[in-house]
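> Chains A and B, in that order, are what the protein sequence lines are.
Just remember that the working numbering sits 400 ahead of the position in the first sequence, which is counted from 1.
Just remember that the working numbering sits 19 ahead of the position in the second sequence, which is counted from 1.
Just so you know, these hints were derived from the structure itself, not from any lab.
There may be inaccurate statements among the hints.
Claimed, not checked - Chain B side only, calculated, beta carbon under 8 Å to chain A, not exhaustive:
no.	residue
1	Phe-58
2	Ser-62
3	Leu-63
4	Leu-65
5	Thr-68
6	Ile-112
7	Glu-124
8	Gln-125
9	Phe-127
10	Gly-128
11	Pro-129
12	Gly-130
Beta carbons: idealized from backbone N, C-alpha and C, even for Gly.
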Amino acid sequence: DAKTTQPNSMESNEEEPVHLPCNHSTISGTDYIHWYRQLPSQGPEYVIHGLTSNVNNRMASLAIAEDRKSSTLILHRATLRDAAVYYCILETSGSRLTFGEGTQLTVNP
Amino acid sequence: GAVVSQHPSRVICKSGTSVKIECRSLDFQATTMFWYRQFPKQSLMLMATSNEGSKATYEQGVEKDKFLINHASLTLSTLTVTSAHPEDSSFYICSARSTSGGASEQYFGPGTRLTVT
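Please build the complete structure, drawing on both the sequences and the hints.
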């Protein structure tokens, strides 16, 4: 499975934008980029996914580099409820998702 | 979004006994469900992929005779931990696949905390 690299942790202030980076230099042409987040003692929650073009939904935006070797999850206005571990995952064979260590996002009031 | 439930949310069992965990997709049909395990302060590890009406596909290192998976309908998959031991204590999470175009979103259950004493 293609691997992703994310910072272990990031901090943000409430109501400020957050940019969570992800490197995936070995991505193949058919791999989708998925983002999930997980709060403590809960199952992961789907955030967003994309292939080549930037994507927006009610939760976040996904900016994908032109060469697709990196992407950035953008939370436009962080809230305390956005504090979670964010996972950047490449969907390779079928729907199999391989979780890395993710980025622990701390949101300061 | 789609809803996936798990039951029970928390279970404590004695060493040597078996425990069954249910995973249900409540508002959509899931041809494929996945089972993950998560130890404290670690990431999720995929255990197996479950397709409705066929045998599950297990990840390397996961004992299929110990972790029995049944996916008898499009809305229900079960994971049975047989002869559980304390090292099986973990957070078990299922997910169900919803297809959207060429990609797929997975919807995760809330997890089941298993403690084996």
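> Against chain A, is Gln-125/B within 8 Å by beta-carbon distance?
Since the shortest Cβ distance to chain A is 6 Å, the answer is holds.
> Taking the closest Cβ pair, is Phe-127/B under 8 Å from chain A?
3 Å, holds
> Have a go at the Gly-128/B hint: is there a Cβ in chain A nearer than 8 Å to its own Cβ?
5 Å, holds
> Regarding the hint that Ile-112/B lies at the interface with chain A, is the smallest CB-CB distance below 8 Å?
5 Å, holds
> Would the hint on Glu-124/B stand, with a C-beta cut-off of 8 Å toward chain A?
5 Å, holds
> Against chain A, run the beta carbon of Thr-68/B and see if the smallest gap drops under 8 Å.
OK, holds: Thr-68/B within 8 Å of chain A, min 7 Å.
> Does Gly-130/B pass the interface hint, meaning its C-beta sits closer than 8 Å to a C-beta of chain A?
5 Å, holds
> Measuring from the C-beta of Leu-63/B to each C-beta in chain A, is the shortest one below 8 Å?
4 Å, holds
> Interface hint check: Leu-65/B, Cβ to nearest Cβ on chain A, cutoff 8 Å. Holds or violated?
Nearest chain A Cβ about 7 Å off; hint holds.
> So, Ser-62/B near chain A? Judge it on the closest CB pair being under 8 Å.
Status holds, d = 5 Å.
> Taking 8 Å as the limit, does the beta-carbon of Phe-58/B come near enough to a beta-carbon in chain A?
12 Å, violated
> Less than 8 Å between beta-carbons is the criterion; does Pro-129/B satisfy it with respect to chain A?
5 Å, holds
The structure fails hint 1 only (numbered hints given earlier).
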